[in-house]
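For reference, the chains in residue letters:
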Amino acid sequence: MTEFVPHPILDPAVIPRGSQQLLRELPKERLAWMLQKMCEIRYFEEKAEELYVRGLVHGTMHLSIGQEASSVGSIAALRPDDLIIHHHRGHGHTIAKGADLKRMMAEFLGKECGYCRGRGGSMHIADIPGGNLGATGVVGSGIPTAVGIALALQMRRSPQVLLAFFGDGAVNLGEFHEALNMAAIWKLPVVFICENNQYGMSGPAKVMCAVQPLSVRAIAYNMPGQTVDGNDVLAVYQVTQAAVERARRGEGPAFIENYTYRWRGHSKSDRNVYRTQAEIDEWKQRCPIARFKQLLIEAHVLTPEEVETIDAQAKMAIERAAEEALVCPEPSPENLEAEVYAP
Amino acid sequence: MATEIIMPKVDMVMDTGTFVEWLKKEGEYVEKGEPLFVVLTDKANIEIEAPASGILAGLRAKPNEVIPVTEVIGYILAPGETLPGAAPAVPVQEPERAIPPSPEFTTDQAVPRMGPTTGPDKVRATPAARRLAAELGIDLRHVPMGRGPRGRIQRADVEALVAQAATQPSAPAAGMTSAPVTTLFGIMPPAGIRLPDARQKEVVVLSGPRKIIAERMAYSAATAPHIVLSVRVDMSEASRLRTYVQEHFQQKTGQRVSFTAIIARAVAAVLPQHPYLNASLDGERIILWEDVHLGIATSLEDYLIVPVIRQAQNKNLEQIMTELAALVERARTRRLTPAEMSGSTFTITNLGMFGIEWFTAILNPPETAILAVGQIVDTPVGHEGNVVLRPMMHLTLSVDHRVVDGAGAARFLTEVKRVLENPYLLI
Amino acid sequence: MSEPNTREITYLEAVREALTQEMRRDPSVFLLGEDIGVYGGAFGVTRGMLEEFGPERVRDTPISEAAIAGAATGAALMGMRPVMEIMFMDFITIAMNQLVNQAAKIRFMFGGKASIPMVIRTPAGSGTGAAAQHCQSLEAWFINVPGIKVVAPATPYDAKGLLIAAIRDNNPVLFMEHKLLYRTKGPVPEELYSIPLGQAVVRREGRDATVLAYSVMVPRALEAAEQLSREGIELEVIDLRSLKPLDQATIVASVSKTGRVLIVHEAPRTGGFGGELAAVIAESEAFDYLDAPIRRLAGRDIPIPYNRTLERAAVPQVEDIVAAARALAQEGR
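Protein chains in written order, with my numbering: chain A, 1 to 343; chain B, 1 to 427; chain C, 1 to 333.
Just chain A, with the same shape it has in the complex (with noise of 0.2 angstroms):
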């Protein structure tokens, strides 16, 4: 395992790569279960936007197609009963830890079977008792929401941990400053993930951000900082068990930063006007879901037999659980009042 390194402000060109050790190191299954957690969410950002082209999606959707090794690698650092709190492109964290897709799904279409029964909707996807609490839709509220989090961890002498993601838009607000500085002077049980998917909508994080990479901002906090290829997900993986199991020792927050792309628009309102398509073209020569697959075939884990079938299952849970949730009922506008007050 590796150890983490305090404050390595890394040239990009360093980045580190997934270790070949992992592939030897981590069973196969759990290899296999994060090739299948990547294929889940492609395939299901890809049916919404399916759904919203034929009309059945009420209001807008975010999509992280191309960013589903920063989601998986991270949440796969987890245990089953660690926490995570997420952002409103976060169809990834929550596929990835674990939610029932039929409910997903609901939830996406606004149905009353969906997670949060078609009261919260794409932005706000929330499944608590399996560990995910919930997507905010207001960038970087989650931040200080995730001390709290931590600081009842920490209070309760939990062994749990939280991974708090973000995207690059969030690191400029004062929340992300004040929930960072708290976290540290008390040594939280938590850890940053900030993905940088290189725009905050239409503002570039090279431009709109005074200090490349990301990462640096951690020595502010006197906490490790780490960017990580983001489009690697045994390197997400790597970097992000040695700040959660140093949190989990009780040594406090760092913060990581996974350097990816964004293949779509920041919502279905985007008209990809600030970037050229010649940029996105060659980010997706670097899609994660197939750099992951020809690795785990040269590596000799899974034939590529074996990584068809989880492909082409995974695409078949997606169509179910499309199918299913769209016959779920829609919920009635009687009596929301009283949704409003726990008893």
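Hints may contain errors.
Stated by the list, open to error - In silico EDC-like cross-links for lysine to aspartate or glutamate, where the CA-CA straight-line distance does not exceed 16 angstroms: (1) A/315 <-> A/112; (2) C/113 <-> A/339; (3) A/47 <-> A/311; (4) A/102 <-> A/324; (5) A/28 <-> A/306; (6) C/185 <-> C/17; (7) A/293 <-> A/306; (8) A/187 <-> C/60; (9) A/293 <-> A/29; (10) A/187 <-> C/17; (11) B/122 <-> B/135; (12) C/113 <-> A/112.
Because the hints were derived from the structure by calculation, they are not lab data.
Given the coordinates of chain A, assemble chains B and C onto it according to the supplied hints.
Here is chains B and C on its own, set in the frame of chain A:
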């Protein structure tokens, strides 16, 4: 000092004058010598001139009010003058020419005005005052100016009115001034009428259809001079006709032929030849109607409505019968539309089914005639030198004497009688 | 208050006693805020509590209102019962995103699968010469956010009972303390007791007009009622105590009885809670009993000024309530 306007003594033996009307309005500028108001003496209407120039204020005489001579009925204010007793002085603007009525001036609390109105129909009153007034059946338009700001009627004003009416039966209550005041009953009861000293069982608020009936009937009785004529009709042949067609109609329509339907058919057939009985008095015009829209007064459990058979002159007995049956059924189940209950040009009202032999009806405004139908009673009558029992029925016609004279009414009524006694004329 | 264990303590002590007793009773209750530990809070509310409960449960924070609110929200989401302190209500602006978009929304947004049992304690109101950024009364903002409850006690007895109820409530509760009330004394039982949120109390019965008040305006309204009573005008003074949920029944019953109502609050008039109260009355069956327009006596639409005279003039004082209530009671009588 404001100039007083008084009821002038214009006749040697006069000690009261009947006020007719103001020729200028409250708040208006008046020149000395301009005609200001009209007084009725026992000889004639006399125009009285303004005694000074200035703004009219505190005008308190009302049309038809009988006022002792020399009593102050209003004031004329010169610039800078205020009404006597007005606490905060109301500055009067320097008039350049004629000053239009100023809303600030006319609505000021210091100026006593009848009716705390802000518009022709709007009454300024608190919700509590309105609620109490509604419970007591008091029309707030007849409450004098309220004690609230800008004359707003308060709950206490309504209570005071009731208390005063109850405790001072011989004097007019605050809201019941000596001037005749139209109420929902048409005319406010004269001073002195008080409720009996008896234990109350229930107080029912006059509202809804009951209130509308009350207003219309009071209006009709008070404004239309009724004359009433009656004939007895031998219904032998009409009964025979009814028996004759009964089976046929009942099979065809499922309805029994009612005498009301037969009478309606007779009236519809005769009315076009008597246009003044199928007419409306509208101000100074009499409108004679081409169509006979026949209203059939129908009693529901707690009120009366008048469903209308339109263009009855063009309808045969079967049509009238089925239409009437349908209207009555809808009336009983309260499903009539407003259009089906209004717009009649002549009304028939029948109390025969209650055993009433004859009665007089009050005109249904703006109609000019209404026919009251009694019970058919086997009655001994002279017939070809013998006393025989015949089925006789009273028809009693009320007409508006402003439009119809007795002879015209009689011609119509006897024609209806002739047709009903020879009903085959209807076919 | 005739119970043997009732004694006279201050409003401030009552707040502290509620916190202390609840923390002894329930280990999930803890405090966090700026300078609440060694310093004992800017107004001394938590003085001595660090010694009893230690720095983990009487948790000094950096000056980071957003993070304080986030920490409370997250901990509450995990089933703790945090009581966060915002040193001056004015500073709550920094915490708005966490309170409005997170704490208030989480339960509903997540389909009822979570609850946020937390209390936001904060001193509000003017009268201390602290000027525009330390004297505001911002309750109306929160009342308009579904998911938050708002409480504003006026007496030591209520401060204790309502704070205990707020801590035990499973929702975010904004608990407004008034700086001028901290030193006021009243009878408070030693025992733990809670006053249900959403119950107003008739502080004084009267027939001529109803005065609706909360927080510091309650003692001012009672003083005004006492003065007017000598003139033969009897005011009915209702202490709302809980602004959301609101005890509409008590309000409607009183206004139906008196037919007149004066709404008094310190916050600026325009967009203030008084407008909502007026609407509640106008929409209720009390409308039919109104014998005068509903009146509001509120703070002027200005920031709170520094100068003592100007500061007094900015918000309703006893003499203002006397004048407004007298005019209302006499109107049209």
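Hints, one by one, checked against the model:
no.: 1; hint: A/315 <-> A/112; verdict: 24 angstroms, violated
no.: 2; hint: C/113 <-> A/339; verdict: 10 angstroms, holds
no.: 3; hint: A/47 <-> A/311; verdict: 14 angstroms, holds
no.: 4; hint: A/102 <-> A/324; verdict: 7 angstroms, holds
no.: 5; hint: A/28 <-> A/306; verdict: 11 angstroms, holds
no.: 6; hint: C/185 <-> C/17; verdict: 14 angstroms, holds
no.: 7; hint: A/293 <-> A/306; verdict: 10 angstroms, holds
no.: 8; hint: A/187 <-> C/60; verdict: 14 angstroms, holds
no.: 9; hint: A/293 <-> A/29; verdict: 14 angstroms, holds
no.: 10; hint: A/187 <-> C/17; verdict: 31 angstroms, violated
no.: 11; hint: B/122 <-> B/135; verdict: 19 angstroms, violated
no.: 12; hint: C/113 <-> A/112; verdict: 13 angstroms, holds
Checked against the numbered hints given earlier, the structure breaks hints 1, 10 and 11 and satisfies all the rest.
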